[in-house]
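K.L.:
So you can see what is in the structure, the chains are spelled out below.
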Amino acid sequence: MKPRVGLFVTCLVDLMRPSVGLAAAHLIEHAGCTVVVPRSQTCCGQPAYNAGASGTARDLALQTMKSFDGCDFVVAPSGSCAAMLRVHYPALFKGRGDIEFEMKAFAERVHELTAFLVNVRHATGSDARFEGRVVHHDACSGLRELGIRSEPRRLLAAVDGLELVDAPEVTPCCGFGGLFSVKYPAISTAVADRKIEDLRAPAPDLVTGGDLGCLMNLAGRLKRTGTALPCRHVAEVLAGALDEPPIGWANASAPP
Amino acid sequence: MIPTTDAFKTGTEHALADAKLATALRGLPGGLVAQRTAAKGRVPEFEALRNAARDIRDHTLAHLDLYLEAFAAKAEAAGSRVHWAADAAEARTIIAHLVLERGARRIAKGKSMVSEEIALNPFLEKLGLEIFESDLGEYLLQIRGETPSHIIAPAIHLSQDQVEADFRREHSHLDANRNLETPELLVAEARAVLRERFLAADIGITGANFLVAETGSAVIVTNEGNGDLSSQLPRTHIVLASIDKVVPTLADLATLLRVLARSATGQDMTAYTSLLTGPKAPGDPDGPAECHIVIVDNGRTEMLKAGLGEALRCIRCGACLNHCPIYNAVGGHAYGWVYAGPIGAVVTPAFLGIDAARDLPAASTFCGKCEEVCPVRIPITRLLRDWRVKSLASGAGRWERAGLSAWAFFARRPRLYHLAARLGMAALGAAGRARGSFRWLPFGRGWTASRDLPAPQGDTFQQLWARRERSKPR
Chain A
93 MKPRVGLFVT CLVDLMRPSV GLAAAHLIEH AGCTVVVPRS QTCCGQPAYN AGASGTARDL
153 ALQTMKSFDG CDFVVAPSGS CAAMLRVHYP ALFKGRGDIE FEMKAFAERV HELTAFLVNV
213 RHATGSDARF EGRVVHHDAC SGLRELGIRS EPRRLLAAVD GLELVDAPEV TPCCGFGGLF
273 SVKYPAISTA VADRKIEDLR APAPDLVTGG DLGCLMNLAG RLKRTGTALP CRHVAEVLAG
333 ALDEPPIGWA NASAPP
Chain U
224 MIPTTDAFKT GTEHALADAK LATALRGLPG GLVAQRTAAK GRVPEFEALR NAARDIRDHT
284 LAHLDLYLEA FAAKAEAAGS RVHWAADAAE ARTIIAHLVL ERGARRIAKG KSMVSEEIAL
344 NPFLEKLGLE IFESDLGEYL LQIRGETPSH IIAPAIHLSQ DQVEADFRRE HSHLDANRNL
404 ETPELLVAEA RAVLRERFLA ADIGITGANF LVAETGSAVI VTNEGNGDLS SQLPRTHIVL
464 ASIDKVVPTL ADLATLLRVL ARSATGQDMT AYTSLLTGPK APGDPDGPAE CHIVIVDNGR
524 TEMLKAGLGE ALRCIRCGAC LNHCPIYNAV GGHAYGWVYA GPIGAVVTPA FLGIDAARDL
584 PAASTFCGKC EEVCPVRIPI TRLLRDWRVK SLASGAGRWE RAGLSAWAFF ARRPRLYHLA
644 ARLGMAALGA AGRARGSFRW LPFGRGWTAS RDLPAPQGDT FQQLWARRER SKPR
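Those protein sequence lines, which keep their order, are chains A and U. Residue 93 is where the first sequence starts when you use our numbering, and the numbers rise one by one after that. Residue 224 is where the second sequence starts when you use our numbering, and the numbers rise one by one after that.
Just chain A, with the same shape it has in the complex:
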């Protein structure tokens, strides 16, 4: 019997770049699982949680948990959303009785996509192909809250033709930070510029990342500065789903 995996698609993937969700589903199925996508999921509640609206965040946590009843695992193509479910949901219900432990049990079943493939399913092979140098951007939540670093790199290294290059971590963050990016755009962009410097150092052909938030920030800034460095979610490369143009591009060729 195949494990039943609920895909927590994340609001950004659902709205902005559904091809990432299809790629993630493909990878999970390829790792020997059945994928289900509950219609009752919306957003993990992180925007509310980080804005200080804990009540709203709790409502959405309960809604999300209920959505995935009957799933063996819950997988999200985002370290940030996965960390919200895994780390912060239990924290939100701390000291609130039984529900805290229900949340903890739920949180245990939640995984970020690459961590799920590597650590749970040991599915580290790939039949995808990509010609070029790829630098992987570690999103803060995945890296520091979930400890994800080797997993996406291990998967990327298995892609035929792909040369994985490492960027120095001079700047620890891309400057996105959810609502921070629009509340403090000047700071956000200054941080993004420094992260872009890091990422460009090894002269990559493509930037991958596990989180669409960071990637939209980086790709948006690259486009505005006329820098022809494409960005894609790591799932797209791993699944060989490269038909859609890179993030923020109109077609596969370089932006103006």
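None of these hints come from the bench; they were simulated from the model. There may be inaccurate statements among the hints.
[Stated by the list, open to error] Okay, derived cross-link-like pairs now, SDA-like style, lysine to any residue, Cα gap no bigger than 20 Å in a straight line:
no.: 1; chain 1: A; residue 1: 275; chain 2: U; residue 2: 621
no.: 2; chain 1: A; residue 1: 275; chain 2: U; residue 2: 302
no.: 3; chain 1: U; residue 1: 613; chain 2: A; residue 2: 183
no.: 4; chain 1: A; residue 1: 275; chain 2: U; residue 2: 664
no.: 5; chain 1: U; residue 1: 613; chain 2: A; residue 2: 196
no.: 6; chain 1: A; residue 1: 158; chain 2: A; residue 2: 188
no.: 7; chain 1: A; residue 1: 275; chain 2: U; residue 2: 620
no.: 8; chain 1: A; residue 1: 186; chain 2: U; residue 2: 627
no.: 9; chain 1: U; residue 1: 613; chain 2: A; residue 2: 151
no.: 10; chain 1: A; residue 1: 196; chain 2: U; residue 2: 605
no.: 11; chain 1: A; residue 1: 186; chain 2: U; residue 2: 663
no.: 12; chain 1: A; residue 1: 275; chain 2: U; residue 2: 313
no.: 13; chain 1: A; residue 1: 186; chain 2: U; residue 2: 609
no.: 14; chain 1: A; residue 1: 275; chain 2: U; residue 2: 618
no.: 15; chain 1: A; residue 1: 275; chain 2: U; residue 2: 695
no.: 16; chain 1: A; residue 1: 158; chain 2: U; residue 2: 632
no.: 17; chain 1: U; residue 1: 297; chain 2: U; residue 2: 437
no.: 18; chain 1: U; residue 1: 695; chain 2: A; residue 2: 128
Only a predicted model underlies this, so the values are computations on that prediction, with no experimental measurement involved.
Starting from the known structure of chain A, fit chain U onto it as the hints suggest.
P.N.:
Using the frame of chain A, we list chain U on its own:
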């Protein structure tokens, strides 16, 4: 110091436009950050040491009354006088009495963030006293009329040519054609100028990095030896320290010192680590004739009560500032008060009230780098998020609140949410298809002023998935 925390946005705009500041801050990653990484690498048990340091701080803060009383008893037994100050005004009054009763005119001052907190210098200057800051960085700020922009490197925002210009202006008694081209020459000049003032000082006022309950010692760590000259040369030494500085034993002190310098500057130990225990005793070759220790609360008991006790673990190493992407972008002055960077964003609202400092906890990406490097593992992002809860509850951001409510209305109603998403993304996707992104969007300036917004692909994932499921063979 007069807070400008409510002008954070303006402050950050100025900071981002300041090329000299940007150059100065660019030195951080290759400097203090790289040095810490190297120092940590030389100590395999560093992570365990951080746990031990955290536990010492938590234990002490949980029994703060006990250890403060124990410290006071030991300090008095060693010949020091201990004074308790509930707030900044009381601390200033105590120090004013001590200084004026002795007819002192000249004061040598060691670096002390608590003295900034209680605005000591302007107060003493108003009394007609001559104060000189003896830490090189603080001295630079004093002659420029500025405030510290970093906990341990107060003048980190300055460049070498600025310092040279300041010295030529300030030290006008020296040869105008002298060579000041290297940092060494600048340091030598400061050293010569400051040495004369040390010898002329009537009173030394210093901070303390720690107060050791076991021995009644005040501990000062410096790399310049200025703490020692300030405390040992003048006849009277006044230590100004906050209540959270106490540690139980010398062994605890050793553990904290092991993480302090490594986290701060990447040194295994600071050049000078001085345990000052009472005034000069019979047979001592030098030391002050009298020693006073002023212990200030200034809101810290309230912080403990309000669930901010973890913030009081702080041992002022500055690592969270050095590693913070926001601090690296805007420097310390934009934060608008004494303590900058992540820890500043946690404690400043406690000192000034959340109404005056709403931007500080808000201006974080929650990247978590500060927690990764904090030697006492302060959960900085959690504490910042707690402030955001209080900020929102106390009426912050009408627009943000309205936006959140509207978004939450949909997010709580999946059917409606998916319908709205489908309609919205179809429209946005069509509008953005030609360019692949938006340069401008109504109400989108927060994003689009400095970057494009990538256009959505048009269909939502839920749509694509439903289509895929429908086309599956049954």
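K.L.:
So, for every hint listed, does it hold in this structure?
P.N.:
Okay, the hints, checked on the actual structure:
Taking the CA atoms of residue 275(A) and residue 621(U), the gap is near 13 Å; set against the 20 Å cutoff, the hint holds. For the hint pairing residue 275(A) with residue 302(U), the CA-to-CA distance comes to about 54 Å; that exceeds 20 Å, so the pair is violated. Simply put, residue 613(U) and residue 183(A) have alpha-carbon atoms about 17 Å apart, close enough for the 20 Å limit, and the pair holds. For the hint linking residue 275(A) to residue 664(U), the alpha-carbon distance of about 16 Å falls within 20 Å, and the restraint holds.
Restraint check for residue 613(U) and residue 196(A): the C-alpha separation of about 26 Å exceeds 20 Å, so the hint is violated. For the given pair, residue 158(A) sits about 17 Å from residue 188(A) by alpha-carbon distance, which is consistent with the 20 Å threshold. Restraint check: the Cα-Cα separation between residue 275(A) and residue 620(U) comes to about 11 Å, which is no more than 20 Å; the hinted pair holds. With a CA separation close to 24 Å, the supplied pair residue 186(A) and residue 627(U) exceeds the 20 Å bound.
Restraint check for residue 613(U) and residue 151(A): satisfied, since their Cα atoms lie roughly 19 Å apart, inside the 20 Å limit. Taken as a hint, the residue 196(A) and residue 605(U) pair is honoured in the structure, with Cα atoms around 18 Å apart against an allowance of 20 Å. For the hint pairing residue 186(A) with residue 663(U), the CA-to-CA distance comes to about 42 Å; that exceeds 20 Å, so the pair is violated. The suggested pairing of residue 275(A) with residue 313(U) is violated, with an alpha-carbon distance near 39 Å, which exceeds 20 Å.
For the suggested pair residue 186(A) and residue 609(U), the alpha carbons sit about 14 Å apart, so the restraint of at most 20 Å is met. Of the pairs offered as hints, the one joining residue 275(A) and residue 618(U) holds, with about 17 Å between alpha carbons and a cut-off of 20 Å not exceeded. Of the pairs offered as hints, the one joining residue 275(A) and residue 695(U) is violated, with about 44 Å between alpha carbons and a cut-off of 20 Å exceeded. Under the criterion of a C-alpha separation no larger than 20 Å, the hint pairing residue 158(A) with residue 632(U) is consistent with the structure, at around 18 Å.
Restraint check: the Cα-Cα separation between residue 297(U) and residue 437(U) comes to about 7 Å, which is no more than 20 Å; the hinted pair holds. Our distance criterion of 20 Å between C-alpha atoms is met by residue 695(U) and residue 128(A), whose separation comes to about 14 Å.
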